[in-house]
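Chemist: Here is how the chains run, residue by residue.
Number of protein chains: 2
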Amino acid sequence: MIIDISREISEDMAVYKNDEKFRPNLSKVKSLKENGSNMTKMVLYSHTGTHIDAPFHFFESGKRIDELPLDKFYGKCKVFDLTNLDEKITSGDLEQLDIQDGDIILFKTKNSFSENFNFNFVYLDKSAAEYLVSKKVKMVGIDELGVEREQPGHETHKLLLGAEIPIIEGLNLRDVPPGSYTIYCFPLKIRADASPARAVLIK
Amino acid sequence: MIIDISREISEDMAVYKNDEKFRPNLSKVKSLKENGSNMTKMVLYSHTGTHIDAPFHFFESGKRIDELPLDKFYGKCKVFDLTNLDEKITSGDLEQLDIQDGDIILFKTKNSFSENFNFNFVYLDKSAAEYLVSKKVKMVGIDELGVEREQPGHETHKLLLGAEIPIIEGLNLRDVPPGSYTIYCFPLKIRADASPARAVLIK
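First to last, the protein sequences are chains L and R. The numbering used here applies: residue 57 is where the first sequence begins, and numbers increase by one. The numbering used here applies: residue 57 is where the second sequence begins, and numbers increase by one.
A hint or two may mislead.
No copy is singled out in the list; a pair is fine if it fits within one copy or between any two copies.
[As the list claims (entries may be wrong)] When the alpha-carbon atoms are kept at most 25 Å apart in a straight line, the in silico DSS-like pairs for lysine-lysine are as follows:
#  : residue 1 : residue 2
1  : K73       : K128
2  : K134      : K191
3  : K73       : K89
4  : K259      : K128
5  : K192      : K134
6  : K194      : K84
7  : K214      : K89
8  : K134      : K194
9  : K192      : K86
10 : K86       : K191
11 : K77       : K97
12 : K214      : K73
13 : K214      : K191
Please keep in mind that the hints were generated in silico from the structure rather than gathered at the bench.
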């Protein structure tokens with residue numbers, strides 16, 4: 057069984073903070089009638105839709121997304137149901153969960169049930185990021201276009217990316233039962249701070 | 057063991073027929089110093105670098121890349137060494153190979169040893185496409201930015217895509233030993249005729 061946990065990239069998709077500057081643009085550069093085949097020009101941002109942040113997003117000397125080893129992006133994955141939380145995920149919420157060295161951890165929250173960008177999205181508090189770093193997880197994912205808000209120092213990003221733990225933002229976990237899976241979520245091979253990615257779970 | 061068989065997407069990469077119109081553009085829209093984080097704007101084409109063609113590329117009523125079932129894009133994969141061929145792959149070259157229903161077939165040719173776009177690239181002749189359709193393979197991949205040339209009716213594309221067999225173009229198979237692998241090569245979830253993809257082999 058394979059489950060798609062990616063958002064559709066389209067011109068009417070939700071964009072971060074509803075900032076129109078970051079809306080993708082898809083246009084036809086060739087058409088079947090005029091050119092014999094269809095071809096599309098895509099103006100995207102490294103943080104469009106379901107995407108993975110690399111250390112370079114917050115560290116000038118950090119690795120770009122194409123510099124991280126590929127084995128970061130697949131493996132044993134646990135989807136935890138935290139839909140009971142209204143504001144943020146703290147270390148206290150994680151201590152009761154089975155989180156092990158090398159796990160890829162996805163948080164299913166209330167965010168998955170909103171089609172639009174939610175300015176008050178459930179986020180990963182810095183205490184939770186510290187906890188995940190201490191557990192040596194391999195990758196962390198969340199179901200909103202950001203992993204944190206209300207933390208002016210961006211501590212959650214900096215703690216995770218500083219430990220070379222990539223962050224998947226913009227997942228769609230609405231229809232995913234919590235549990236264990238194998239995840240495959242490879243970024244494009246592109247020299248950038250982040251990359252859109254197709255994220256799938258296989259059980 | 058995981059092997060990356062994708063090309064790097066960059067501004068100095070090879071583009072189809074060296075047509076500058078299709079060169080990707082990567083620009084910084086946010087910088088760490090001025091905005092607190094790095095962010096990249098990416099102008100790509102649906103056929104940039106390693107990418108997958110969907111039926112809509114050649115059929116107006118054909119499926120877009122986001123409409124194909126995800127199980128098309130991963131599974132048992134055979135890499136065949138056809139580096140002995142100079143011009144094209146014909147059905148005669150395939151009849152001696154172990155090609156089964158549901159296989160994902162990748163052709164390693166002389167193309168993998170050229171950094172630049174080669175106008176005389178080794179291509180998949182329509183007779184080979186017919187043979188692959190008859191064998192009910194799941195997906196076909198080749199190591200140049202096109203799968204065919206010298207066939208004005210684009211029969212190879214039309215035979216494969218007409219049978220809903222996606223085509224991976226722009227693979228890098230230079231350092232890949234022929235043999236059996238599991239491939240994961242998921243396109244972005246985007247309503248288009250094709251999509252860049254990260255292609256990896258796992259053994």
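Chemist: Hints first: check each against the structure and report whether it holds.
Modeler: Evaluation of the provided hints:
For the homomeric pair K73 and K128, neither the shortest alpha-carbon distance inside one copy (28 Å) nor that between copies (35 Å) is at most 25 Å. In the homo-oligomer, the alpha carbons of K134 and K191 lie at most 25 Å apart inside one protomer (14 Å), although the nearest pairing across protomers, at 38 Å, exceeds that limit. Proximity of K73 and K89 under a CA criterion of 25 Å is satisfied inter-copy only: 21 Å between copies versus 39 Å inside one chain copy. Taking identical chains as interchangeable, the C-alpha atoms of K259 and K128 lie at most 25 Å apart whether they share a chain (19 Å) or sit on different chains (16 Å).
When the C-alpha separation of K192 and K134 is checked against a cutoff of 25 Å, the pair qualifies only within one copy, where the shortest distance is 14 Å, while the shortest distance between copies is 35 Å. When the C-alpha separation of K194 and K84 is checked against a cutoff of 25 Å, the pair qualifies neither within a copy, at 38 Å, nor between copies, at 28 Å. Proximity of K214 to K89 under the C-alpha cut-off of 25 Å is restricted to the inter-copy arrangement: shortest distance 15 Å between copies versus 50 Å within a copy. In this assembly of identical chains, K134 and K194 lie within 25 Å of each other by CA distance solely inside one copy; the values are 11 Å within and 29 Å between copies.
In the homo-oligomer, the alpha carbons of K192 and K86 never lie at most 25 Å apart, since the shortest distance is 47 Å inside one protomer and 30 Å across protomers. Taking the shortest Cα distances, K86 and K191 never come within 25 Å of each other, neither inside one copy (50 Å) nor across copies (32 Å). Both within a single protomer and between protomers do K77 and K97 lie at most 25 Å apart by alpha-carbon distance, with minima of 17 Å and 10 Å respectively. Taking the shortest alpha-carbon separations for K214 and K73, only the intra-copy value of 20 Å comes in at or below 25 Å, while the best inter-copy value is 42 Å.
For the identical chains of this complex, K214 and K191 are intra-copy neighbours only, at 16 Å inside a copy versus 51 Å across copies, given an alpha-carbon limit of 25 Å.
The structure does not agree with the numbered hints 1, 6, 9 and 10 stated previously, though it agrees with the rest.
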